[in-house]
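**Q** Go ahead and model the full structure; you've got the sequences and the hints to work with.
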Amino acid sequence: MHIKQVILHGFRSYRDQTVIEPFSPKNNVVVGRNGSGKSNFFYAIQFVLSDEFSHMRPEERQQLLHEGTGPRVVSAYVEIIFDNSDNRIPIDREEVSVRRVIGAKKDSYYLDKKHVTKSDVMNLLESAGFSRSNPYYIVKQGKINQLALAPDSQRLKLLREVAGTRVYDERKEESKTILKDTEAKREKIEEMLGYIEERLATLEEEKEELRAYQNLDKMRRSLEYTIHDKELRDTRSKLEQLEDARKGSKEGSRERNEKIAAARSKIESLEREVKELEVSLHTLQSERQQLAEDDQEMIRQRAKLEFDVKDLEESLVDDKKSKESCQRELTQLGKTVEKRQKELGRLLPRYTRQKTEEEQLNTRLKACEQRRSELFAKQGRGQQFANVDERDVWIRREAGSLSESLENKKRQLAQLHQDVEQSMAKVKRQERDIKERGEDLEQRREAIDRANREHAQLKLRRDDLTNERKELWRREAGIDQTIQNARDELAKCERNLRGTIGKAVNRGLDSVKRVVEEKQMSGVYGPLLENFTCEPRVFTAVEVTAGNRLFHVIVDNDRTASQILSIMNKQKLPGEVTFLPLNKLNPPRMEYPNAKNDAIPMVEQMKFNPMFQPAMRQVFGRTLICRDIDRASHFAKNSNHDCVTLDGDQVSHKGTLTGGYYDTRRSRLEMHRQMMEQRERLEAAENERSQLRHQLDHILSFTHAISFLPYPSLLILSG
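719 is the number that our numbering gives the last residue of the sequence shown; the numbers go up by one with no jumps.
Heads up, none of these hints are tricks.
The calculated DSSO-like cross-link candidates involving lysine-lysine, where the alpha carbons are at most 30 Å apart (straight line), are:
#, residue 1, residue 2
1, K323, K335
2, K410, K426
3, K570, K584
4, K106, K38
5, K180, K118
6, K607, K637
7, K584, K513
8, K503, K572
The following label-pair restraints were derived from C-beta to C-beta distances:
#, residue 1, residue 2, range
9, V73, E258, 54 to 64 Å
10, V73, R33, 20 to 30 Å
11, K114, K519, 50 to 60 Å
12, L333, D294, 50 to 60 Å
13, K259, L657, 24 to 34 Å
I should point out that these hints are in silico values taken from the structure, not numbers from a laboratory.
In this text, a Cβ means the ideal position worked out from N, Cα and C, and glycines have one as well.
**A** If you want it as structure tokens, here you go:
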């Protein structure tokens with residue numbers, strides 16, 4: 001007996017399967033460079049035939065597996081094929097193979113491709129002369145010296161192991177133990193035989209009773225069979241009735257499911273209405289609070305106006321009293337004036353006459369006084385001069401002074417005439433200036449009145465705009481609440497939709513979105529779910545047909561997909577993603593049966609961009625939507641199409657049927673539809689809020705300009 005062939009796979013430095021042969025039945029020498037695997041080949045033979053690699057810990061097993069570049073090795077095996085032509089191994093075969101397979105958590109043996117226990121292999125090897133405890137057939141370095149220095153007892157033990165007698169000694173001991181157990185069992189069997197003989201006598205008596213019982217039992221079973229046969233016929237008829245009722249109830253259950261779906265959608269719409277009503281209630285409450293504040297302000301203004309009216313009424317009463325007293329005084333004064341006018345009419349002619357006489361007397365008095373003055377002057381001058389010459393000198397001097405005084409008077413008179421002319425011109429200019437200023441003042445008064453009217457209108461406009469601004473603020477608060485609710489609903493729908501997808505797919509879609517946004521890539525159209533629409537009644541059929549392919553990402557070509565994957569691998573982004581490159585998809589053209597009432601192509605029930613037609617036909621082009629499961633089976637068998645019912649029951653063209661209850665509340669298409677509705681609602685609310693903000697900014701700028709506008713009369717007068 002000798003080793004004929006050694007096969008290694010995944011063991012230490014041997015990653016791939018390595019077959020080492022042939023071996024000579026005499027001497028074999030293994031040579032090679034350092035690191036070429038000589039020691040590992042020796043360990044492989046020792047791994048199978050010796051007991052040194054027993055009871056290994058997981059980390060020790062891991063050390064025996066190949067470690068290197070490429071995928072990780074999870075298991076390894078070593079197989080040794082012996083030449084058993086001398087029948088040293090007690091198996092009637094010329095070749096015997098022993099394989100040991102080891103992994104991180106397993107360690108198993110195979111004998112001629114059959115799984116056996118370790119003890120079976122070791123016993124077989126010991127019977128062939130292989131020692132378990134003292135493997136003389138594997139001689140390590142220093143082993144010969146140890147054998148040469150061994151005592152006689154150990155040498156005798158080694159010879160017995162070489163001769164293979166130890167296994168017979170062990171089996172002898174085992175046979176003795178088995179013999180003792182057999183003796184004990186024989187005694188028990190003899191006791192049991194005595195008991196059986198006693199029981200046989202009893203059983204003979206019971207045999208006759210059993211025979212009578214069997215006859216009666218046969219009669220009983222005949223009667224029971226007759227009764228059961230009748231009950232079976234009744235039960236079959238009832239089953240047929242129940243089957244008919246089940247078919248009818250199936251139609252009823254479909255109607256009930258539709259009603260339930262309608263009720264759920266109605267509940268969702270009512271919940272949305274409740275939220276909207278809550279927003280309206282919140283807005284109305286804030287509006288009521290604002291109106292209450294306005295009401296309090298109006299009450300204060302009303303009280304102030306009432307007090308003003310009361311003061312005006314009191315002042316009006318006082319004015320009436322003062323008017324009456326003034327009228328009485330006016331009447332009395334009128335009478336006094338009339339009386340005085342009569343007296344004046346009577347005294348005026350006398351006054352005029354006496355005034356004339358007074359003037360005449362004054363004129364006469366002045367003439368007399370002048371004459372008297374001349375006489376006195378003449379009399380004085382006559383006494384002043386001694387002769388005529390002195391008088392003439394004085395007269396000439398006086399005449400010269402009078403002439404000079406006359407010239408001065410003339411100059412003064414001319415100057416006075418000139419001053420009078422200048423004063424008249426100045427008076428005319430001042431009259432013109434007064435007239436112009438009067439006209440300007442009149443224009444300013446008209447402008448003041450007009451500006452006052454405009455100011456009053458602007459104040460009214462400001463008050464209206466203030467009220468409008470308050471109304472816009474209330475509307476903005478309501479829209480903000482609506483936006484918040486829409487965002488919450490959108491986040492809820494997104495969470496629900498992501499909850500129906502695996503964590504790896506979610507991370508993959510997020511990674512693709514991140515790469516596209518960072519690199520500004522074009523030609524990425526998003527998941528298949530976002531690129532088509534269909535009617536709600538076919539949601540279940542579409543979703544059952546597509547499955548997880550709803551989240552396959554559509555791209556324009558395979559180059560874009562490769563670029564995204566390379567960036568994801570480079571940045572070590574997590575997740576799994578599957579692409580649908582439009583340039584590589586070439587689905588076959590399907591011939592659909594002409595049976596509109598029983599089966600319609602699924603792809604014709606979907607709306608999508610024509611550029612996505614290859615992806616849609618790849619996923620949905622082979623599927624028909626059928627009226628019921630019987631029609632689905634018929635078309636799947638005869639037209640080589642996959643069929644699905646509106647309830648989600650599928651029939652493959654290969655003959656397999658799948659289906660069962662499908663929870664529409666977990667419908668991904670329904671969640672995506674709700675998510676799209678919430679996005680549209682959010683966009684509409686944000687657009688409305690931006691318009692309100694624009695109006696508020698316009699109103700705020702207008703009211704700010706009015707608030708800083710000075711009073712018009714002051715502005716005009718200051719100008």
